[in-house]
Amino acid sequence: MLKPALALFRRDLLLAWRQRGGAVPVLGAFVLMVVLFPLALGPDPALLARIAPGIIWVAALLATTITLDHIFASDHADGTLDLLVESPAPLAMHALAKAAAHWLVSGLPMVLLSPLLALMLNLPGHVYGTLMAGLLLGTPTLTLIGTVGGALILGARRGGLLLVLLVVPLYVPVLIFGAGAADAALNGLDAAPGLMFLGALLLVGLALCPLGAAAALRAALT
Amino acid sequence: MTAAFTAAAFFALWCRAMSAALAATPSSAPDEPLLAVHGLACARGGRRVLSDVGFTLGPGELILITGPNGSGKTSLLRCIAGLLAPDAGTVAGPARARGQTLHVGHADPVKPHLTVLENLRFWAALGAGGGRPPEEAADAMGLAARLDVPARILSAGQRRRLSLARLLLSPALVWLLDEPANALDTDGVARLAAIVADHRARGGAVIVATHGPLPFPDARPLVLGHGAVAC
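Those protein sequences? They're chains A and B, same order as listed. Counting from 0, one number per residue, gives the positions in the first sequence under numbering that gives the first Met the number 0. Counting from 0, one number per residue, gives the positions in the second sequence under numbering that gives the first Met the number 0.
Worth flagging that the hints you see were computed from the coordinates, not collected in a lab. Just so we're clear, the structure is a prediction, and the values are computed from it rather than from any experiment. Any given hint might turn out to be false.
Label-pair distances were calculated between CB atoms; the ranges are [what the hints assert, rightly or not]: (1) P24/A with A84/B: 33 to 39 Å; (2) R151/B with Y127/A: 41 to 47 Å; (3) E134/B with Y127/A: 47 to 53 Å; (4) R157/A with E134/B: 40 to 46 Å; (5) L160/A with P216/B: 49 to 55 Å.
Counterexamples of contact, computed for chain A against chain B with all Cβ distances above 12 Å [unchecked claim]: (6) A39; (7) L61; (8) L164.
The beta-carbon is built from N, C-alpha and C at its ideal position, and this holds for glycine as well.
When you get a sec, could you build the whole thing from the sequences and use the hints?
Rendered as structure tokens:
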């Protein structure tokens, strides 16, 4: 049951590597969005340190939405989606494989790059761990919710804009707990509750989002 | 620790729920038709494209679906493949089991950034296995010399050959071919005819939708577009 989904996972990683289309736009948008804030707000180290977790989280959230509309689009256009539906593995498993590949290509690089941006924003060193742990738990949830959105907009014109309107409201809990945990660490409070909520959201997302994406994919085919 | 255990238990439950969707494959009796279609009706975009279509398909048989554009040839094939839910009627038989029908639509699901062999290997891995090796499938469609070529430089006819080579990667009983000869040259059509003949000789069956002439002299015709259809 796992073999077809693993094959899809490997193929998506290979395609992302060959096309260079996954990580570059997401990382570029992530860095650019964070860099714009000091330019707009002025170089006040205290202010930047105060708002750094929020900026990094909002940038990660918005950067994630950039490539979401491509998750299923090309497979839908060239008929590969039919093959996934006919495959012996459940469609939800394929959706999970696509989400995993998408996160490895776009979410994980953002997590790894976040300390550099935090340094740029003068975030105190003891917050880095919480920030990265939060992003590590939160960005997969963003991708998982995004796969449901990416499946729902298949066949719609101007789907990208629709997708952003669709998924960003659903990202709000992840943003609140993610930025909240880093903020708590910044203020010397306990960050664990926020991180636990992020973990809980990830587990719920892992269980439900592939099923939702599979239902949306089936709807897109009929 | 507890959290990890809860996560593992959750995942195990989820996997079980997933695998419940997989039905066991029923075995077929020798004389039973592979596929029995009865009273099939289907609407697309609010317009009825198929009504009261019925036929049976036995081992070794080939049905050639013809009809004008928009008469529902593609919808009929997609209904049989399980990709489209019919509005009325039934599709039954051992070929309905998962992995027993193989549908080749008119889009080529070829990834331009993968090589010919990588595309074939991916399709083989998506199925349950049990078909022929990818190299052999490529050879049967005349692509043996193109195995390591990126699919983006293939011509339309070669992409079509690659899509058709997917048929050989699976042990499916029934092939559903939608305009299989589109963009194929005469050699390609001859190779298609050869793999179809071989599949039928092994007890498989084929349904082909086409509007052009195809070299299948002993095919049973099914003409769509005139109300109730049976053959």
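Violations among the numbered hints: none
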